[in-house]
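Chain by chain, the residues:
There are 2 protein chains.
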Amino acid sequence: MREGGYHGFSFREIAADVGIKSASVHHHFPAKEDLASAVVDDYTERLIETLGDPCDPRQATTALLERYVGLFRHALIDDQRMCLCGLLGSETRALPDRVGAGTRNFFRRHIEWLTNVFHADASQTDRAAAEDKAMRFVASLEGALLVAQSLGDTDVFERIVGSTLATLDTDNPQPN
Amino acid sequence: MREGGYHGFSFREIAADVGIKSASVHHHFPAKEDLASAVVDDYTERLIETLGDPCDPRQATTALLERYVGLFRHALIDDQRMCLCGLLGSETRALPDRVGAGTRNFFRRHIEWLTNVFHADASQTDRAAAEDKAMRFVASLEGALLVAQSLGDTDVFERIVGSTLATLDTDNPQPN
DNA sequence: GTCTATAATTTGATAGAC
DNA sequence: GTCTATCAAATTATAGAC
Chain V
130 MREGGYHGFS FREIAADVGI KSASVHHHFP AKEDLASAVV DDYTERLIET LGDPCDPRQA
190 TTALLERYVG LFRHALIDDQ RMCLCGLLGS ETRALPDRVG AGTRNFFRRH IEWLTNVFHA
250 DASQTDRAAA EDKAMRFVAS LEGALLVAQS LGDTDVFERI VGSTLATLDT DNPQPN
Chain G
130 MREGGYHGFS FREIAADVGI KSASVHHHFP AKEDLASAVV DDYTERLIET LGDPCDPRQA
190 TTALLERYVG LFRHALIDDQ RMCLCGLLGS ETRALPDRVG AGTRNFFRRH IEWLTNVFHA
250 DASQTDRAAA EDKAMRFVAS LEGALLVAQS LGDTDVFERI VGSTLATLDT DNPQPN
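Residue numbers (our numbering), protein chains in the order written: chain V, 130 to 305; chain G, 130 to 305.
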């Protein structure tokens, strides 16, 4: 799903990877929408859990943002794949309802997490402005991943991320 | 292709839209890769042609960038679809060779155009820095499109674009 | 929970008439 | 350039045995 999107994988493919038959996959996920929806929800929960508390006072803003960038860097370098919801998000109009809803939830959660990070920063008291930054940041990272993957050049990702981080103008409080 | 990606459309679907049979489509494009590759190349040429000369001294930097933003706004608002190469770029690893190459060419051309715009701006003499901005800008727009489409909220696109433009710090020379 | 078997449909693609 | 007809393979999905 992270390579070819919703229409780019099949029950037989998954079954072969797991080492069972496609009918057995259908036992766990009756329809394709069920499977994709479960994968998206699991993906979202895993990532949000990895990110941790966005308001942790022991973490500097830059450290939290670096952790966030690390998610995308990992997708590009280690997985050599797109962000699942980045790909599905671009396919929104061709997605079954629950899969589209799961993807929407992914972005809501990420924007919420980033908004909290920016809002907690000493330099940012306006929550709407923090949300603007959050939207811009997640969009930049999804875009950076997409463009770097298309160009087959991980350095493109680093250049975009570096350039973006330089625009954020956050405070850098030392951890306690 | 702009809704479901490379695996999200069929010869029969296209044939029905055009009002002919799928065998007739195969007469023009023997294989699916041929068709998709031709569409991507045509899409790229059209957009670059619409953008015009990035070094036109009669155009202010902000006017050129607004024209560029207009491409993506049109995709989101009027077409209600993703950028073709934004979607395909995220599917890179599942694409036939020539389609992947066409998508790569799309981003090379766009970065080149934007680099020229930023480099021509009075405030920017370093070409590498202009290229950094160019990569960041195209990534932000692809990401903004993707996230706004997924959230089903065009205002998200405008907020991200506004926030991004505010970080570019270009000169605003008056047209002659 | 996994299997075999299979249904019903769709897919990319070709042959050959007009 | 379009058509009918067709192929071989793949697709999602189900029924029922073990």
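These are computed hints drawn from the structure, not numbers from a lab. A few of these clues could be false.
Identical copies go unnamed one by one, so any copy, or any two together, can satisfy a pair.
Derived SDA-like pairs (lysine to any residue); straight-line CA-CA distance at most 20 Å [stated by the list, open to error]:
1. K150 - G199
2. K161 - F138
3. K150 - V168
4. K161 - G133
5. K150 - E162
6. K161 - G199
7. K150 - E260
8. K150 - D182
9. K161 - D255
10. K161 - A145
11. K161 - T173
12. K150 - F140
13. K161 - L200
14. K161 - R227
15. K150 - R210
16. K161 - E132
Against the structure, the hints:
1. Taking CA atoms no more than 20 Å apart as the test, K150 paired with G199 passes in neither setting, with 36 Å inside one copy and 49 Å between copies.
2. Taking identical chains as interchangeable, the C-alpha atoms of K161 and F138 lie at most 20 Å apart whether they share a chain (10 Å) or sit on different chains (17 Å).
3. In this homomeric assembly, K150 and V168 come within 20 Å of each other (Cα to Cα) only inside a single copy, at 19 Å, whereas the closest approach across copies is 37 Å.
4. Taking the shortest alpha-carbon separations for K161 and G133, both the intra-copy value of 15 Å and the inter-copy value of 15 Å come in at or below 20 Å.
5. For the identical chains of this complex, K150 and E162 are intra-copy neighbours only, at 18 Å inside a copy versus 30 Å across copies, given an alpha-carbon limit of 20 Å.
6. Taking the closest pair of Cα atoms, K161 and G199 never come within 20 Å of each other, the shortest separation being 30 Å inside a single copy and 37 Å across copies.
7. Taking the shortest alpha-carbon separations for K150 and E260, neither the intra-copy value of 46 Å nor the inter-copy value of 50 Å comes in at or below 20 Å.
8. Neither within a single protomer nor between protomers do K150 and D182 lie at most 20 Å apart by alpha-carbon distance, with minima of 41 Å and 56 Å respectively.
9. Neither within a single protomer nor between protomers do K161 and D255 lie at most 20 Å apart by alpha-carbon distance, with minima of 43 Å and 51 Å respectively.
10. When the C-alpha separation of K161 and A145 is checked against a cutoff of 20 Å, the pair qualifies only within one copy, where the shortest distance is 16 Å, while the shortest distance between copies is 26 Å.
11. Taking the shortest Cα distances, K161 and T173 sit within 20 Å of each other inside one copy (18 Å), while across copies they are farther apart (34 Å).
12. Taking the closest pair of Cα atoms, K150 and F140 come within 20 Å of each other only inside a single copy of the chain (9 Å); across copies the shortest separation is 30 Å, beyond that limit.
13. Within a single copy, K161 and L200 get their C-alpha atoms no closer than 27 Å, and across copies no closer than 34 Å, so neither meets the 20 Å cut-off.
14. In this assembly of identical chains, the alpha carbons of K161 and R227 lie at most 20 Å apart only when taken from the same copy (11 Å versus 30 Å across copies).
15. Proximity of K150 to R210 under the C-alpha cut-off of 20 Å is found in neither arrangement, the shortest distances being 26 Å within a copy and 36 Å between copies.
16. When the C-alpha separation of K161 and E132 is checked against a cutoff of 20 Å, the pair qualifies both within a copy, at 17 Å, and between copies, at 18 Å.
Checked against the numbered hints listed earlier, the structure breaks hints 1, 6, 7, 8, 9, 13, 15; every other hint is satisfied.
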